[in-house]
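The hints should help you fit chain U onto chain B, whose structure is shown.
Now for the letters of each chain:
Protein chains: 2
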Amino acid sequence: MAGFDYTKQIERWDIFEVSCPGKTEGNPFTDYAIQGIFKHKNETVKLDGFYDGEGIYKARFMPSFTGEYSFEVSGSFSEKKYTGTFTVEAAGKNNHGPVRVANTYHFAYEDGSPYYPVGTTCYVWELQSEELQKKTLETLKNSPFNKIRFCIFPKHYDYNLKEPRSYPYEGKPMDSSVLTRENFMQYWGAGREAGNDWDFKRFNPEHFRHIEKSIAALRDLGIEADLIVMHPYDRWGFSGMDSECDDLYWNYCIARFAAYRNVWWSLANEYDLMPQKKISDWERYASIICEKDPYNHLRGIHNCRPFYDHSRPWVTHCCIQRQDIYKCAELVAEYRERYKKPVVLDEIAYEGNIQHGWGNISGREMVRRFWEASCRGGYAGHGETFLHPENILWWSHGGELHGESPKRLDFLRRILSETPGLGLAPLQAGWDEIAAAPEGMMGTQGYFLYYYSFMRPSFREFFFDENSEYRVEVIDTWEMIIEDRGCFRGKFRVELPGKEYMAIRIRKTL
Amino acid sequence: MAGFDYTKQIERWDIFEVSCPGKTEGNPFTDYAIQGIFKHKNETVKLDGFYDGEGIYKARFMPSFTGEYSFEVSGSFSEKKYTGTFTVEAAGKNNHGPVRVANTYHFAYEDGSPYYPVGTTCYVWELQSEELQKKTLETLKNSPFNKIRFCIFPKHYDYNLKEPRSYPYEGKPMDSSVLTRENFMQYWGAGREAGNDWDFKRFNPEHFRHIEKSIAALRDLGIEADLIVMHPYDRWGFSGMDSECDDLYWNYCIARFAAYRNVWWSLANEYDLMPQKKISDWERYASIICEKDPYNHLRGIHNCRPFYDHSRPWVTHCCIQRQDIYKCAELVAEYRERYKKPVVLDEIAYEGNIQHGWGNISGREMVRRFWEASCRGGYAGHGETFLHPENILWWSHGGELHGESPKRLDFLRRILSETPGLGLAPLQAGWDEIAAAPEGMMGTQGYFLYYYSFMRPSFREFFFDENSEYRVEVIDTWEMIIEDRGCFRGKFRVELPGKEYMAIRIRKTL
Numbered sequence: 002m003a004g005f006d007y008t009k010q011i012e013r014w015d016i017f018e019v020s021c022p023g024k025t026e027g028n029p030f031t032d033y034a035i036q037g038i039f040k041h042k043n044e045t046v047k048l049d050g051f052y053d054g055e056g057i058y059k060a061r062f063m064p065s066f067t068g069e070y071s072f073e074v075s076g077s078f079s080e081k082k083y084t085g086t087f088t089v090e091a092a093g094k095n096n097h098g099p100v101r102v103a104n105t106y107h108f109a110y111e112d113g114s115p116y117y118p119v120g121t122t123c124y125v126w127e128l129q130s131e132e133l134q135k136k137t138l139e140t141l142k143n144s145p146f147n148k149i150r151f152c153i154f155p156k157h158y159d160y161n162l163k164e165p166r167s168y169p170y171e172g173k174p175m176d177s178s179v180l181t182r183e184n185f186m187q188y189w190g191a192g193r194e195a196g197n198d199w200d201f202k203r204f205n206p207e208h209f210r211h212i213e214k215s216i217a218a219l220r221d222l223g224i225e226a227d228l229i230v231m232h233p234y235d236r237w238g239f240s241g242m243d244s245e246c247d248d249l250y251w252n253y254c255i256a257r258f259a260a261y262r263n264v265w266w267s268l269a270n271e272y273d274l275m276p277q278k279k280i281s282d283w284e285r286y287a288s289i290i291c292e293k294d295p296y297n298h299l300r301g302i303h304n305c306r307p308f309y310d311h312s313r314p315w316v317t318h319c320c321i322q323r324q325d326i327y328k329c330a331e332l333v334a335e336y337r338e339r340y341k342k343p344v345v346l347d348e349i350a351y352e353g354n355i356q357h358g359w360g361n362i363s364g365r366e367m368v369r370r371f372w373e374a375s376c377r378g379g380y381a382g383h384g385e386t387f388l389h390p391e392n393i394l395w396w397s398h399g400g401e402l403h404g405e406s407p408k409r410l411d412f413l414r415r416i417l418s419e420t421p422g423l424g425l426a427p428l429q430a431g432w433d434e435i436a437a438a439p440e441g442m443m444g445t446q447g448y449f450l451y452y453y454s455f456m457r458p459s460f461r462e463f464f465f466d467e468n469s470e471y472r473v474e475v476i477d478t479w480e481m482i483i484e485d486r487g488c489f490r491g492k493f494r495v496e497l498p499g500k501e502y503m504a505i506r507i508r509k510t511l
Numbered sequence: 002m003a004g005f006d007y008t009k010q011i012e013r014w015d016i017f018e019v020s021c022p023g024k025t026e027g028n029p030f031t032d033y034a035i036q037g038i039f040k041h042k043n044e045t046v047k048l049d050g051f052y053d054g055e056g057i058y059k060a061r062f063m064p065s066f067t068g069e070y071s072f073e074v075s076g077s078f079s080e081k082k083y084t085g086t087f088t089v090e091a092a093g094k095n096n097h098g099p100v101r102v103a104n105t106y107h108f109a110y111e112d113g114s115p116y117y118p119v120g121t122t123c124y125v126w127e128l129q130s131e132e133l134q135k136k137t138l139e140t141l142k143n144s145p146f147n148k149i150r151f152c153i154f155p156k157h158y159d160y161n162l163k164e165p166r167s168y169p170y171e172g173k174p175m176d177s178s179v180l181t182r183e184n185f186m187q188y189w190g191a192g193r194e195a196g197n198d199w200d201f202k203r204f205n206p207e208h209f210r211h212i213e214k215s216i217a218a219l220r221d222l223g224i225e226a227d228l229i230v231m232h233p234y235d236r237w238g239f240s241g242m243d244s245e246c247d248d249l250y251w252n253y254c255i256a257r258f259a260a261y262r263n264v265w266w267s268l269a270n271e272y273d274l275m276p277q278k279k280i281s282d283w284e285r286y287a288s289i290i291c292e293k294d295p296y297n298h299l300r301g302i303h304n305c306r307p308f309y310d311h312s313r314p315w316v317t318h319c320c321i322q323r324q325d326i327y328k329c330a331e332l333v334a335e336y337r338e339r340y341k342k343p344v345v346l347d348e349i350a351y352e353g354n355i356q357h358g359w360g361n362i363s364g365r366e367m368v369r370r371f372w373e374a375s376c377r378g379g380y381a382g383h384g385e386t387f388l389h390p391e392n393i394l395w396w397s398h399g400g401e402l403h404g405e406s407p408k409r410l411d412f413l414r415r416i417l418s419e420t421p422g423l424g425l426a427p428l429q430a431g432w433d434e435i436a437a438a439p440e441g442m443m444g445t446q447g448y449f450l451y452y453y454s455f456m457r458p459s460f461r462e463f464f465f466d467e468n469s470e471y472r473v474e475v476i477d478t479w480e481m482i483i484e485d486r487g488c489f490r491g492k493f494r495v496e497l498p499g500k501e502y503m504a505i506r507i508r509k510t511l
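In order, the protein sequence lines correspond to chains B and U. The numbering of the first sequence is our numbering, which starts it at 2 and goes up by one. The numbering of the second sequence is our numbering, which starts it at 2 and goes up by one.
Chain B with its partners taken away, still in its complex shape (with noise of 0.2 Å):
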């Protein structure tokens, strides 16, 4: 046996791995089969390993209890059955498990811990030089995030001309010098005759390595990695693969990432402009994922303009990018009473001032959609593009924030922070406030959040009962101030500054 350590200690919910060597001959990515069998009292998992390469064969398992467990890795990759034993002790400190779906429309982590979403969006942060990711992981740990939407193929856009760090497969790429601004749409999609020469059945391991990395980086940080596995901005071919190596490169996806607790499956960013795929195509991805994952991560596809069928059960949690220049996360009740998931908008435009539409609102635009959609019982997702002189926007490339939205988004989850229960849903109130009240609570918990929006009343008034005692905050949502106006019973007024992007906050005292 080779190639593990028992005497490493590993805690629930990290990673158990057994490393063999194995056959070489022919194709080790399609020729052999490798799989693992993982037993404790409580749970026997069964999952696929992969190859990496070098003659090196891996099976890797997420402990979801604490205690003894046994294992036996085999198959035809080797003549040779691995087994053995380890332990697996509490998580530590700052180890919550997976996020989970809970209480309907929100999240948890599996020990039990509330998770507020509040994610950002940096397509290829993973695939950029050594130094920028260093700066992404640097600027990510002092930022509120605590999700990041990024893809694990490349990507070819509007400033996404130059070549990734490394590529998933064995070939070579087209001849990236003929791109330009104006002719790069012109290769969206491009295969074989553009000049690529690609072996879509040999992975390029050390490509997946560095995305394990990548995720492993960011699970230190309490980042949750959402995982965009597919995706249309494409020059490589990678996009318009047959079935047959589709389905080994999500295979080869979930042996690999699954047991990083901090996995999400993004299906797709986009799925729709992606037409050489259909809605079969992505049932029976997400039927590879139900199959294979064995830790039932959480799974979402992203559109650009029609929403996927997010009632599929396999669907977790709606992913949803919006739909209107106008209006996106104000429709939050309306997808929460239709789809009844919880409803994540990905994708709400990005604070920039880039040509682009969906990449020029204001840090202002950008905290007033995040409120809207919280208030509302949903979450909604941060990007940033500003015009940079070596083209490093943090939406595609992560780097560093210019934005005046993320301080904004930190008192924000700090707001969430201190909800009862798990997280908001919307109350009826006036038609000219968007008020929230803790999930499943609907104001029995004496907790009331009143959101104002663009809108600037100078006081507002209230009324709950004739006996209760309400404690009154006054919340400044962009000057991140709260304002204790003191307790008040009966009918009262609130004095407000008549400025936008106000909040009260109201609570019954005990």
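Do not take every clue at face value.
The list treats identical chains as interchangeable, and a pair is accepted whether it falls inside one copy or across any two copies.
The calculated lysine-lysine pairs, modelled on DSSO-like cross-linking and capped at a C-alpha distance of 27 Å, are [to be verified]:
1) 94 with 509
2) 163 with 492
3) 328 with 342
4) 500 with 328
5) 341 with 328
6) 500 with 47
7) 500 with 408
8) 408 with 47
9) 47 with 81
Simulated from the structure, these hints should not be mistaken for laboratory data.
Below, chain U without anything else, positioned relative to chain B:
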């Protein structure tokens, strides 16, 4: 013959009034008829006169042509007939005649001059103190507004609890000293039981004479009087009269006001807040206007929630209050398509800071909504509701303007006045810009107006054709600056400051 003066010159579209003594026994408002016939080689107009109190009956006429007219005024009000002739001169410099619908979606004065409505609302400005009315007219004189919406009946509502300067009927009102901000809604729609004692068959001519004086003062400032004839904000019973009294009122208003060229008929404000009136009532009022207004003044009806059916033939233009907090002006193109009539968004929330969500948007948001409406080939309406130590709010009382939007609306009016033709039409362009071209010319005139709303592009690229030359101007709609960027051919790029509320005007050079 008495009470009118042949020697007075009148202009085309001015008022020729025949004033005659008549019977006073019984109720002169209901017991006698007075009719006038006015003849010119091009028109013969029959119309009803009215009783103006103190034994005087009047018939009023607005001539549509220059040259010789004859008239005959007669009826049961008098044993005598009053006849004569008069001469109509050409219209003076600032007299363009009544406003008409032109080119399906727009307006023009009867003399063919374009009319781009930039309206405001001061519901009962003319029922305030003389001093305040004077101030309102002074403010209007220095404002961009060329239309104002106001009521004939007084208004009962939040910030509107005082007595008006006069009442439309003989009798006496309920005691208003009982009213408070807390209890006023209890008196909504009150009648006799609350202490009101009116004779709905005896008008107070002085009230109506004062309205006429106000209409004339507006006319002299070049402002259209969008008369709100009925409304629900009532504690006196005026909104709850029976159909006989309603019809008497409508006939009286038409007989008195129709000869003023700047009158528009707004059948109601928030017709749907008057459940006591059925659709058949509104249709009956409309049929009275169509029958009795010889000049075919513009007719509309304003909603609170559901729109009236603006496709009714008598509706000349859509009077629309927004149905959604977030989207209103952005829907103009859909409304144009649906109704094939001019779209006037006469209520899109007011600039201000009161507690009500309809009265506390920023000047920036107000101006943005005007531009959104204008670039889609419609028109928006202004209003202002800032808290005031004496409760003088422009929206209801007039007075002074305090907001930031009016001068920007003046700037927009200038931009509109520089458009070829009568107005703008929405143009299909990028999904992330609002584009307009002159109505009916769809770019063939080489005029394009692009508006970026809250989006903040740092540049945009254009291509119309290889050969023509285009002059490019960058417009800061908030700072009111037009920057000439010179002329371009073929594909060209326009640099922008990455700020909100920018527009680009592109015109083919000759």
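Hints, one by one, checked against the model:
no. : hint         : verdict
1   : 94 with 509  : neither (32 Å within a copy, 67 Å between copies)
2   : 163 with 492 : between (62 Å within a copy, 25 Å between copies)
3   : 328 with 342 : both (20 Å within a copy, 26 Å between copies)
4   : 500 with 328 : both (21 Å within a copy, 20 Å between copies)
5   : 341 with 328 : both (20 Å within a copy, 25 Å between copies)
6   : 500 with 47  : neither (58 Å within a copy, 56 Å between copies)
7   : 500 with 408 : both (20 Å within a copy, 21 Å between copies)
8   : 408 with 47  : neither (43 Å within a copy, 71 Å between copies)
9   : 47 with 81   : within (18 Å within a copy, 109 Å between copies)
Checked against the numbered hints given earlier, this structure breaks hints 1, 6, 8; the rest are met.
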